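Q: Using the sequences and the accompanying hints, generate a full structural model.
As given, the protein sequences belong to chains S and X, one line each in that order. For the first sequence, the residue numbers in our numbering are 17 to 126. For the second sequence, the residue numbers in our numbering are 12 to 126.
Simulated from the structure, these hints should not be mistaken for laboratory data. Keep in mind it's a predicted model, so treat the numbers as computed, not measured. There's no promise every hint is true.
[Unchecked claim] With a straight-line cut-off of 35 Å between C-alpha atoms, the simulated DSBU-like cross-links for lysine-lysine are:
1. S/K125 - X/K47
2. S/K121 - X/K20
3. S/K21 - X/K63
4. S/K21 - S/K125
5. X/K51 - S/K125
6. X/K20 - S/K70
7. X/K33 - S/K21
8. S/K72 - X/K47
9. S/K21 - X/K51
10. S/K21 - S/K121
11. X/K20 - X/K52
12. X/K78 - S/K121
13. X/K30 - S/K84
14. X/K30 - X/K55
15. S/K70 - X/K63
16. X/K51 - S/K87
17. S/K21 - S/K84
18. X/K47 - S/K84
19. S/K125 - X/K20
20. X/K47 - S/K21
21. X/K30 - S/K70
22. X/K20 - S/K84
23. S/K21 - X/K78
[What the hints assert, rightly or not] Where chain X lies over chain S, by a calculated footprint (3+ residues, C-beta under 8 Å):
24. 58 to 71
25. 116 to 124
[Unchecked claim] Pairwise CB distance ranges, derived in the manner of DEER restraints:
26. S/E58 - X/H88: 18 to 28 Å
27. S/Q18 - X/H88: 22 to 32 Å
28. S/P95 - X/E69: 32 to 42 Å
For each residue, glycine too, the CB sits at the ideal point set by N, CA and C.
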Amino acid sequence: DQQVKQNSPSLSVQEGRISILNCDYTNSMFDYFLWYKKYPAEGPTFLISISSIKDKNEDGRFTVFLNKSAKHLSLHIVPSQPGDSAVYFCAAGSNYQLIWGAGTKLIIKP
Amino acid sequence: DTAVSQTPKYLVTQMGNDKSIKCEQNLGHDTMYWYKQDSKKFLKIMFSYNNKELIINETVPNRFSPKSPDKAHLNLHINSLELGDSAVYFCASSQPGFSGPHEQFFGPGTRLTVL
Numbered sequence: 017d018q019q020v021k022q023n024s025p026s027l028s029v030q031e032g033r034i035s036i037l038n039c040d041y042t043n044s045m046f047d048y049f050l051w052y053k054k055y056p057a058e059g060p061t062f063l064i065s066i067s068s069i070k071d072k073n074e075d076g077r078f079t080v081f082l083n084k085s086a087k088h089l090s091l092h093i094v095p096s097q098p099g100d101s102a103v104y105f106c107a108a109g110s111n112y113q114l115i116w117g118a119g120t121k122l123i124i125k126p
Numbered sequence: 012d013t014a015v016s017q018t019p020k021y022l023v024t025q026m027g028n029d030k031s032i033k034c035e036q037n038l039g040h041d042t043m044y045w046y047k048q049d050s051k052k053f054l055k056i057m058f059s060y061n062n063k064e065l066i067i068n069e070t071v072p073n074r075f076s077p078k079s080p081d082k083a084h085l086n087l088h089i090n091s092l093e094l095g096d097s098a099v100y101f102c103a104s105s106q107p108g109f110s111g112p113h114e115q116f117f118g119p120g121t122r123l124t125v126l
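A: Put into structure tokens, the structure is as follows:
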């Protein structure tokens, strides 16, 4: 039973345009949500987070939107840059535990 | 300065062997984790320790035994390795409330291949 779903295995975006990565969850008890970025042969690195009491959090080119009624969150990257090409994981958590999505591979085309 | 380190980075071994993967963090965090990334790329929590005490133990075979000699180290010992144990294993650490909602810092991963 997947509590956190990233339905797009991959996404291709032109450099300079907006990248939108989506994530759906089923458990309304999650306290917070995080996005991680992963390059090949490296561990995931934290990108941005949002508490369940907020609906938006922004950090530079990265913005996360949370829609609790739809149990949906999205990560917007604008403008997209070649270095953004990576796998992006959505994770949802409460207490000590994070539940992870399967990841979306983002490819930024020059 | 490496925050979370794992050794070895690659491990190739025969079925039935016993092996260990070591993890160390120099972030001063109280909580450490082991994850398994399977062939479908899902990251699944295996264990979590807080101040050397086990707080999460997901349904993993008891051939897997974590050991935390101190809060900076969480080693993973695997007995009687099976083909299905082949995966990438990630160690992570966090300090709840320290830097955002439970942000976890990951090691580079250990790719285990069982032949």
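Q: The structure should be examined with respect to each hint, and the outcome stated for every one.
A: Comparing the hints with the structure gives:
Between S/K125 and X/K47 the CA atoms are separated by roughly 31 Å; this keeps the pair inside 35 Å, and the hint holds. For a cut-off of 35 Å, the pair hint linking S/K121 to X/K20 stands: about 23 Å separates their Cα positions. Pair hint S/K21 plus X/K63 holds up; C-alpha atoms about 32 Å apart against a cutoff of 35 Å. Pair hint S/K21 plus S/K125 holds up; C-alpha atoms about 25 Å apart against a cutoff of 35 Å.
Restraint check for X/K51 and S/K125: the C-alpha separation of about 25 Å stays at or below 35 Å, so the hint holds. For the proposed pair X/K20 and S/K70, the alpha carbon gap of about 39 Å is over 35 Å, so the pair is violated. Of the pairs offered as hints, the one joining X/K33 and S/K21 holds, with about 31 Å between alpha carbons and a cut-off of 35 Å not exceeded. Between S/K72 and X/K47 the alpha-carbon distance is near 31 Å, which keeps this suggested pair within the 35 Å criterion.
At most 35 Å may separate the alpha-carbon atoms for a hinted pair to count; S/K21 and X/K51 meet this at roughly 13 Å. Between S/K21 and S/K121 the CA atoms are separated by roughly 14 Å; this keeps the pair inside 35 Å, and the hint holds. With a C-alpha separation of about 18 Å, the suggested pairing of X/K20 with X/K52 holds against the 35 Å cut-off. The hinted pair formed by X/K78 and S/K121 meets the criterion: a straight-line CA distance of about 34 Å does not exceed 35 Å.
Proposed proximity of X/K30 and S/K84 is contradicted: the alpha carbons are some 44 Å apart, above 35 Å. The suggested pairing of X/K30 with X/K55 holds, with an alpha-carbon distance near 20 Å, which does not exceed 35 Å. With a C-alpha separation of about 33 Å, the suggested pair S/K70 and X/K63 falls inside the 35 Å cut-off, and the hint holds. Distance check on the hinted pair: X/K51 and S/K87 sit about 24 Å apart at the alpha-carbon level, within 35 Å; holds.
Between the alpha carbons of S/K21 and S/K84 the distance comes to roughly 15 Å, so the proposed pair stays at or under 35 Å and holds. Taking the CA atoms of X/K47 and S/K84, the gap is near 29 Å; set against the 35 Å cutoff, the hint holds. Our distance criterion of 35 Å between C-alpha atoms is met by S/K125 and X/K20, whose separation comes to about 31 Å. Under the criterion of a C-alpha separation no larger than 35 Å, the hint pairing X/K47 with S/K21 is consistent with the structure, at around 18 Å.
For the hint pairing X/K30 with S/K70, the CA-to-CA distance comes to about 44 Å; that exceeds 35 Å, so the pair is violated. Straight-line distance between C-alpha atoms of X/K20 and S/K84 comes to about 39 Å, which puts the hinted pair past the 35 Å bound. The suggested pairing of S/K21 with X/K78 holds, with an alpha-carbon distance near 32 Å, which does not exceed 35 Å. Remark: the segment 58 to 71 of chain S is confirmed as covered by chain X, as 7 of its residues place a Cβ nearer than 8 Å to a Cβ of that chain, reaching the required three.
By the rule of at least three residues with a Cβ nearer than 8 Å to a Cβ of chain X, the coverage given for the segment 116 to 124 of chain S holds, with 3 such residues. Between S/E58 and X/H88, the C-beta spacing of about 24 Å keeps the proposed range 18 to 28 Å intact. Here the CB-CB span from S/Q18 to X/H88 is close to 29 Å, well matched to the stated 22 to 32 Å. A hinted range of 32 to 42 Å holds for the C-beta pair S/P95 and X/E69, which are about 40 Å apart.
Consistency note: the structure conflicts with the earlier hints numbered 6, 13, 21 and 22.
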